[in-house]
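Enquirer: We have chain A already, so just place chain B on it with the hints.
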Amino acid sequence: MKKKDVTQLLSELKSGENGAYDKLYPLIYEELRQLAYGHMKYQPNHTLSKTELVHEAYLKMIDQSRIEFSDKSHFLAIASKCMRQILIDHARKKNAEKRGGKQKDLTYIDEIFSRKKQKAQELIDIDAALNELEKLNERLAKVVEMRFFGEMTIDDTAEALGVSESTVKRDWMKARGWLYKELKGRFEVE
Amino acid sequence: MGNLDWDQVERILDEALDLPEEQRTSFVHEACKHNPELKEEVELILSSIKESEGWLDDPTQFKQDFFDEISEDLEHYSGNKPLIGKRIGSYEVKEKIGQGGMGAVYLAERTEGDFKHQVAIKLIDSEKATRENLDRFKQEKRILASLNHPGIAQLFDGGVTEDNIPYIIMEYVNGIPITDYCQQKACPASEKIELFIQVLEAVRNAHENLIIHSDLKPDNILINEDGNVKILDFGISKLLQNKGDSASASEYSGSALTPRYAAPEQVQDLNITTATDIYALGLVLYKLLTEVNAIDFEDRSKETIRSAILNDVIPAPSKKVINPKQKRMLSGDLDAIILKAIQKEPEERYRSANDFISDLKKYLQDFPVSARPDTLSYRGTKFLKRHKGGSSLAFAALVIIVGLTFFYTRQIKEERNQAQIEAEKSQEITSFVIGLLEENYPENSQGDTVTVRQILDKSVLEIESINKSPDIKAKMQQVIGHAYNSVGEPHKAKPLLTKAIGILESEHIQNTDLAHTYNVAGIIYRDLGKLDSSQTYLEKSVSTFRSLSRRQVPEYPKALKNLAYVLRLRSDYEGALKCLEEALKIEQQIYGSDNINIAETIYILASVNRYMGNYEQALKYQNQSLDMVQANTDGPHPGIIANLSNIAVLNNILENKEVAKSSYKKALNMAHDLYGPTHPEIATISANLSSIYTYEGKFDSAKMLSERALEVSKKSVGTDHPRYGNYLTNYARMFFYKGDYRKADSIYTKAFQIFQHHYSPGHPEIASALQNMAEVAIAENELERASDLLERALTIRRTNFENKHPQLQDNISVLVDVYRDLGMTHQADSLSEFLLN
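Quick note, the sequences are listed as chains A and B, same order. Just so we're aligned, residue 0 is where the first sequence starts under numbering that gives the first Met the number 0, counting upward by one. Just so we're aligned, residue 0 is where the second sequence starts under numbering that gives the first Met the number 0, counting upward by one.
Any given hint could be a false lead.
[To be verified] For lysine-lysine, the following BS3-like pairs were computed, each having C-alpha atoms within a straight-line distance of at most 25 Å:
(1) LYS49(B) <-> LYS183(A)
(2) LYS134(A) <-> LYS38(B)
(3) LYS38(B) <-> LYS183(A)
(4) LYS656(B) <-> LYS360(B)
(5) LYS168(A) <-> LYS38(B)
Read the hints as simulated data drawn from the structure, not as lab findings.
Just chain A, with the same shape it has in the complex (with noise of 0.2 Å):
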């Protein structure tokens, strides 16, 4: 699939053709999964380098001279509902390991440095929750999924919901709250 051809499905899908957000997302998800199998891995000093994967994806899938600025949201906000469900199965997979998998016998130290390793299952609280809220309010969920899993700016946001920057503000604030609200015990919030 090259680049020309993924900017022409997504201006298909603004245009609201059949099958064109199906053909999408697929694509998308790949190529997400990619680039953050090489984040997981080539882990230790990117801390320092805070590389957005969604905008990544865009920036490699997308032909940005054919291209407008809607277009570029409504990709974003689908690269943001496959960011969050990579994300998901990984920690589903990391649990899944921690439970199922060989026990290696964990020790004082193992302990400490895994102290804080606890973002699988606060992801798997935060995705579970968010079903939840999209029963109550489904842009509400949306902003949650755009801001936080597609980090995506509250300009793409707006646009790719078609609303205006300050109610993307207080959805946010409102989800966060709700979420907050669920989950809260669960974990330590940072």
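Expert: Just chain B, lined up with the frame of chain A:
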């Protein structure tokens, strides 16, 4: 959410959020006036919004943390590996070989000409790369690099990559965890313990350098391809912990992780010391020997695990196994050793790795371990308790003298019943001594610190000034002299007996007292190693009894036996046998056929036969004696120990090595129970057992036992005693078999000098010593010297032994070989002809 209308909730929220913060409470109160449920929900979300300020605001960081977290498990992802092929320090990273709590480990290599140097490089999690850590890391890496022990994976270097990741370059160890190794090889317990001692030795070295591991576990204790122990990550944990980092397990709960090898002080965040390592090692040994974990952490929450570490009584290892053989092996010493290592209180564990090692070695050698209560002091306390009630201390002391006499060594055990009877018979004298003590030292009646020796010392002074008839005075000197000898001070006994004999002879007193005093003098000279004087006195004793026609008193056969023993020592075997025959006949008349005294006589018969080379006959006597002692006593008894020990000697000679070893071990155990760890008997048995280990090539065990024998005998008889010479011989033989001829030769020579000092030039012991030195000379190919030594030995043996005596035959056949090697065919042929005839 129940029947709440979310739209309504959001509407109120929106309005509230539009208001300044201070007006929100009253607004919500008003807006939800009739719906407390609604009000609660809105208030909760409002306060949550406030509390969660900033939460999820940095998704990049959040995801990075998540990636870091899961990337540890991503070995199976086969994408590109950014580090592979890169250079760290002067090494090229080859492949990832592991992933631990601290970070990933890579195999790296450096090529210098044809030589490839492989190392392991450990990258430390970025999370830990704080400024403070890096500084400390640089300081400590120097100390760690100085830690140099074959059992510890060497730290070569460490540094920080361009990206600020600290790394450690270590010795690359191709091995598997000790537990897996033992399982795969189905190692027997003894092998596991030997391996584990290697681990302890490595840890001891680190501890001596003030480096604590603090994260010991089977995964860190590897066995490499050569079967040697390599401990990983020594001291590294310390490098990585933040100062003041409250890195305690107590801080959070809910994680699935278990600090399986954490000591109580670790989960409590208390001081970590070398005792912390001892604890973890105790658990490792537990796991090694039982193949299960000491504390069951499966399906337990963090908090109950913590509580288990702090409070649970860990069951003895033997309780964790089902196999009865394994259970027997573990129960007792190994249980005690492991439980001592894993005490909850650090100060109750082994004080050092060395103490731990020493107990395990003792276990392997069948010595009592320190982890178990001292049975001797226990016995001693019991003994005093039994005898002290109501009676005076002085009396208790005398009872102890008799007791000591009773329990004294094999060499003087002939006299123990005699001493008992003596004590009974001279009740008059004894009570006089007691009266004397109490009268003059009333304070002794209350105190309990006065030793037997002190009482004896004071008694000697009293006798000098006492105004009694000469025969009573002589008798008192004899009793006290005898007691001195019984507590191992023949030097102090000798002048007393000389005086007693002097008195009796000058008064021309001819009675059983004189005969008996000669007898005691004989014993004392014997223990002083002066065998000719001893023989003279014992012969006087025997002839005095005879001239008095008192052959039916029990003392007479006792004197005969003492004489037989000394004659045996002086290699007059025929004379010894004659004495014993007579003693046996009289004892059978006195006691009937089955009696402890008779058992003793048969025992001496056995040893004379052994020295004559009649091993089969000797073994028969020895077993007969053992059966008789066992039938006439209960519990541990010197007679059982002595017989077992000689049965072992004989079986060893007759090549029944396993029977020999098990007899020695039984004897050693009983001797420990009866005498305590520093008794001369322990030396004898240890030395003999050590020689079996020597022949089996188990030199470490042999060396330890042999040194033990020397140490004990040095204290009891000194370094100029023939017995010390025997132990030296034994020690030298170990070096000889090990191939350390120089050492063997110098120790053999030392023993030879001792023997020369004590024995006549024609004594068989001298011959044995000569042959020993000859064997070394042969090994070093100094054949001339060897033949000279062997000829000297042969001359001695020819005058002492019959032609068929094994020692004589052996002497000849070795000499024949040496002659042949020297090309002295003629001499060789004529000697071997002698051998055939």
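Enquirer: Which numbered hints turn out to be false for this structure?
Expert: none
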